[in-house]
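Q: Residue-level listing of the chains:
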Amino acid sequence: MSTIQTREPAAESSKPAVKADLPQLGWRGGLRYLWTQLTSMRTALVLLFALALAAIPGSLVPQRRISPVRVTDFIDEHPTLGPIYDKLGLFHVYTSPWFAAIYLLLFVSLVGCIIPRIGVYAKALRARPPKTPRNLGRLPAYAAVEIADSDHGVLDRAAAALRRRHYRVDVHNDSVAAERGYLREAGNLVFHISLLFVLTGVAIGALFGYRGTSVVIVGQGFSNNLTQYDDFAAGAGFTDADLVPFTVALKNFDVKFETGPVQRGAARLFRADVEVTEADGAPRQEILEVNKPLNIDGTTVHLIGHGYAPKVTVKDAQGNVAFSGPVVMLPQDGNFSSIGAIKAPDARPERLAFEAFFFPTATLDDQGPRSIFPDALNPALFANVWYGPPKVESGKPENVYSLDTTGLRQLKEADGQPVRIGLKVGDGVNLPDGKGSIQLDGWVRWVKLQIGDTPGVPISLIALGFAVTGLCISLFVRPRRVWIRVRDGKASRSVVEVGGLDRADARAGLTEDVAELAAELSRRPEDVSAR
Amino acid sequence: MSYEYYSSLALVSSVVVYALAMFAHAAEWAAARRLGVAKPSEHELVDVAATEARSEPAHMRREPLEGRPQPGSDLITDAEIDLAASRRVEQFGRIGVALTVLGFLLSVASVVMRALAAHRAPWGNMFEFTITAMVFVVGVYLILVWRAGVRWLGLPVTLLAAVGNGLAVTVFYVAVAPLVPALHSVWFLIHIVSAAISGAAFNVGGLMSILYLIKKRAEDRGTVRGYLRRLPDSRKIDLIAYRFLAFAFPLWTFTVVAGAIWAEYAWGRYWGWDPKETWALVTWVIYACYLHARSTAGWRGTKAAVIAIIGLASFWFNFVGINLLVSGLHSYAGI
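Chains as they are written, first to last, in my numbering: chain A, 3 to 533; chain B, -11 to 323.
Please keep in mind that the hints were generated in silico from the structure rather than gathered at the bench. Misleading hints may appear alongside valid ones.
What the hints assert, rightly or not - Footprint (simulated), chain A over chain B, 3 or more residues, beta carbon under 8 Å:
{"no.": "1", "segment": "161 to 173"}
{"no.": "2", "segment": "187 to 198"}
{"no.": "3", "segment": "252 to 258"}
{"no.": "4", "segment": "261 to 275"}
Said to hold, decoys possible - DSSO-like cross-link-like pairs, simulated, lysine-lysine; straight-line CA separation at most 27 Å:
{"no.": "5", "chain 1": "A", "residue 1": "Lys294", "chain 2": "B", "residue 2": "Lys264"}
{"no.": "6", "chain 1": "B", "residue 1": "Lys264", "chain 2": "A", "residue 2": "Lys89"}
{"no.": "7", "chain 1": "B", "residue 1": "Lys264", "chain 2": "A", "residue 2": "Lys450"}
Ideal Cβ placement from N, Cα and C applies to all residues, glycine included.
With these hints in hand, go ahead and build the complete structure from the sequences.
A: Structure below.
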């Protein structure tokens, strides 16, 4: 092998004693060395361990993608640790470069391991069973029986018996060599190759897929275009044209909660009646439930959340309706204590806004108003009132769920206390100073729909099917070698020797199988000799 | 009185009976403590065997398959003491197994009545999962006792069963209730049953690995005394442990895949790095390490067994720690 020397002469002369002992690798040899190291089983082991370890922090430290609010809380609570964690990427472990580095290295190592093994396996597939060893008695399993010397067919019978047991058989002069269990390595290779396809499927899904959510109030609908999404994430290969055109109208939404003493308040039923209209078709009625997503031409629609939207009517100081309709409020706890903002920018002479709290089963005690059950048994709306001069339409998007109080003043009672409004369904109240009025007309539910398409999933799923099958084959197929030899015994008798060797660890029954073979060959010698 | 009441009653009884079985097995170990103590020659024999075992490639070794004491080896000195001790060991062992069978029947009855009380498969929360998994663990153990004579696993298995069912009835207990909508799926059955079965196999394999380490250490030091002498040799234990883990690993793979498919239906994504999902993957990776370690020079035997035990620890953390300490989508413990 010709090697290209890249070492500096100075370095060589400074440590001649050490250099003399080192094998000369050169850059090609160095690369080959690195490659051998990377694809060795030991490295694979280390990388697997690293993967397991690296996955752990993501389950213990809050993750941005799962719960951004908890990440913010964490950083607020840990002023020193928080920023360090952030720098290390501990708030987005599974998309961090170091996590990617581990699994990419692992897969490179995997490829480097598979490719040569495919070659070896291709040769092994055509290989014949190895020649009969000289001393069968040294094998892990051994049995010998005496037969009549005239029994010349014994080797043929041995070969036939082994073929019946799915061995690959070679008949030699005085012996038979057999091997089985070639599928084991095939299963192993299928498993590892399948893992590559699983990753490919995941990558395709990440590149070309999209996922978004949209809040839809009962009686309203969703149509699949970007403007209708509340949040939306897509891969680099996604284009707007990939959105399948359809609309989903939410006709009704049934919710039931546990009212018995056990698990009181736990959800028992979520069921949405929807009307789906595709670009070319007539509307069709469907039922959308948790665990039963809609599949509209490859796009899935999941029901992933719900909440309340109180219906309010706000009149301004001039008695005109400034706002009327349902306002989506975000649930804050398991009993659906919800918060939101009611905005009446068109109220004149001054615009009105309400910082609102909705409680489906309201109770008022020392802790203040709150909800004690998730269903709407005693709904009530509480609000603080803000007012201010009309705002110039800027077209800037603003958060519909929270109130930006810049340019607003809180409405106060004569004694300086902020005005607090509490309304039951049907109640209305006039604001002090003739600022206007607000009425709670009723409430409706809303659902959060998740709309998405993950194109790689079928590839991953099929690959996983192959992976599990391959895994089972590689773990349960039992490669085994058996040799049978006939040699001369005492007094016109011959001895049939059977030796067996298991090529995979943890196999049972070798001794039994070898004994059984020997017993089978010793049987019916008379029939054969009579031939 | 309801099914729920009788289910709890049967479960509490099973805890008591398992505890008694554990005491019987502890007595079995204790009764064996003098076996083989007063025989220096025995140590040498074992040492030689151990050295031989190390120097040969794994598949070339030939060793007795059963863990029963070799006849004749006990008869050099103190023969009568040993005979009496052996008889006591046998007696306590049989009592232990009989009690384990009783405890098993009680815990099966408990699971069945729980299902009748709930009008559904009894796998809706941590409590129900635990008692079902314990039925699988003890069931597998009893089949092995019957078919393969692994009574030597009695002490750790009854300990696990007593602690598992005991924790279930005291800490994890929740009253019967219907399922939340997210669990209304055929995958509820598939995912959870395969999790319970592979979990049981991981547990039995893990217990074997612990016994392997103990026995291996004694063999290496030449101090195989007392009940350890009744255990199979370490290589055999390692093999049985491997069989359990090799059975559990594909099933666990399937469990995770089934979970991913279910997650796609229920939550709209097949993988979301929920803490439970993450730890299921961590457990999977650790057992993958175990399988790789077994075929890597320098990692066989002790190191592989340690990895298997780490895998079991990760399984348990995923089950108990994640359910109780970390909030996530799998927070089904209901406690």
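Q: So, for every hint listed, does it hold in this structure?
A: Each hint, compared with the structure:
1. 161 to 173: holds (count 10)
2. 187 to 198: violated (count 0)
3. 252 to 258: holds (count 7)
4. 261 to 275: That given contact holds, which follows from 9 residues of the segment 261 to 275 of chain B lying within Cβ reach (below 8 Å) of chain A.
5. A/Lys294 <-> B/Lys264: Answer holds: A/Lys294 to B/Lys264 is near 22 Å, not above 27 Å.
6. B/Lys264 <-> A/Lys89: Holds: B/Lys264 and A/Lys89 sit about 25 Å apart, inside 27 Å.
7. B/Lys264 <-> A/Lys450: The hint holds at about 24 Å.
Of the numbered hints stated above, the single one contradicted by the structure is hint 2.
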